[in-house]
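Enquirer: Sequence:
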Amino acid sequence: MTENYAAVLHGANDVRIEKIPVPEINDDEVLIKIDCVGICGSDVKLYSTGTCGADVIDKPIVIGHEGAGTVVKVGDKVSSLRAGDRVAIEPTQPCRSCELCKRGKYNLCVEPRYCSSMGAPGNLCRYYKHVADFCHKLPDNLSMEEGAAVQPLAIAIHACNRAKITLGSKIVILGAGPIGILCAMAAKAMGASKIILTDVVQSRLDAALELGADNVLLVRREYTDEEVVEKIVKLLGDHPDVSIDACGYGSAQRVALLVTKTAGLVLVVGIADKTVELPLSQALLREVDVVGSFRIMSTYQPALAAVSSGAIPLDQFITHRFPLNKTKEALDLAKSGAAMKILIHVQN
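To convert, note that position 221 of the sequence shown is 221 in UniProt numbering; the numbers rise steadily by one, no gaps.
Below 16 Å or equal to it, Euclidean Cα-Cα: the simulated EDC-like pairs (lysine to aspartate or glutamate) are:
1) Lys326 / Asp14
2) Lys73 / Glu24
3) Lys77 / Glu24
4) Lys59 / Asp14
5) Lys274 / Asp55
6) Lys45 / Asp55
7) Lys231 / Asp214
8) Lys33 / Glu145
9) Lys129 / Asp85
10) Lys234 / Asp214
11) Lys335 / Asp14
12) Lys261 / Glu287
13) Lys170 / Asp214
14) Lys194 / Asp238
15) Lys45 / Asp273
16) Lys129 / Asp76
17) Lys33 / Glu3
18) Lys45 / Glu329
19) Lys194 / Glu210
20) Lys164 / Asp289
21) Lys328 / Asp14
22) Lys45 / Asp14
23) Lys77 / Asp27
24) Lys73 / Asp133
25) Lys261 / Glu230
26) Lys129 / Asp27
27) Lys194 / Asp214
28) Lys59 / Glu18
29) Lys19 / Glu3
30) Lys77 / Asp133
31) Lys73 / Asp28
32) Lys261 / Asp238
If you are wondering where the hints come from, they were derived from the structure by calculation, not from laboratory data.
Work the whole structure out from these sequences, hints included.
Expert: Dropping the structure here:
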């Protein structure tokens with residue numbers, strides 16, 4: 001076994017490639033030789049600001065949570081996997097005993113040990129250990145790259161499940177970044193009849209049109225919320241049944257509440273500031289449901305099946321690749337907004 005190297009974040013804009021120990025596995029864990037890891041928006045927030053949601057970098061941490069690789073060692077109590085299996089890593093290790101875990105909502109576990117958070121190290125490294133039952137075998141026709149990119153797709157499918165997307169749904173998605181576009185791809189596979197994406201960057205909207213959007217709207221900074229609402233309704237031909245905030249900006253959440261049809265639903269999957277001023281009363285008086293979506297809940301297997309069947313062409317979503325020693329350059333590119341999905345090949 002070779003030495004282990006990892007991308008370690010020490011603070012805002014300070015990521016270093018460092019040698020770390022190869023982890024020792026417990027009875028219920030497997031050791032994985034990581035092949036590739038995707039760069040996520042939360043990685044970019046941690047890298048850019050040192051914070052993301054409730055996580056604040058107060059000590060060095062290995063980043064990355066969109067990983068796939070090959071099992072090289074299994075714990076004594078592991079029977080579901082064996083050395084040589086190719087796996088996609090669902091990046092959580094819930095406690096299994098809290099009330100939320102017992103209700104099946106393990107994504108809301110009080111001690112989730114989520115990869116690349118202050119509760120657990122990430123997997124942007126050459127060797128990584130994880131609980132075996134949150135490692136999913138890759139279908140033979142999926143590449144390692146697709147295995148890594150399944151993680152954000154599983155987030156998007158959970159969001160669409162929470163949004164109650166069904167046959168004929170008319171949807172607007174605010175934010176054409178990776179999660180926004182994956183929500184569009186998932187929603188189309190679920191039977192949505194018309195999907196519009198909005199963004200402030202034209203190149204992202206161009207990608208959205210190639211990957212599932214029926215129409216797009218470039219939002220200019222001088223537009224008022226009401227002007228954006230009017231333009232969405234004109235493009236869609238109606239108010240949307242569902243509006244998805246996939247960017248986490250207050251302006252997007254305001255538009256979502258204003259544009260969604262009466263008795264419709266607003267789904268928030270973007271990570272916003274702690275406090276946002278919203279036109280909530282009028283939306284609630286129209287019985288617009290406001291729903292949150294957090295991480296992943298039982299959607300890894302559906303995501304793998306959708307990609308394996310060809311229902312969601314995930315390979316088209318991957319745009320850039322870097323070796324491990326170019327992690328900083330990859331994060332800077334992701335920060336610029338000029339890329340869709342960036343993968344780090346850690347063995348290179």
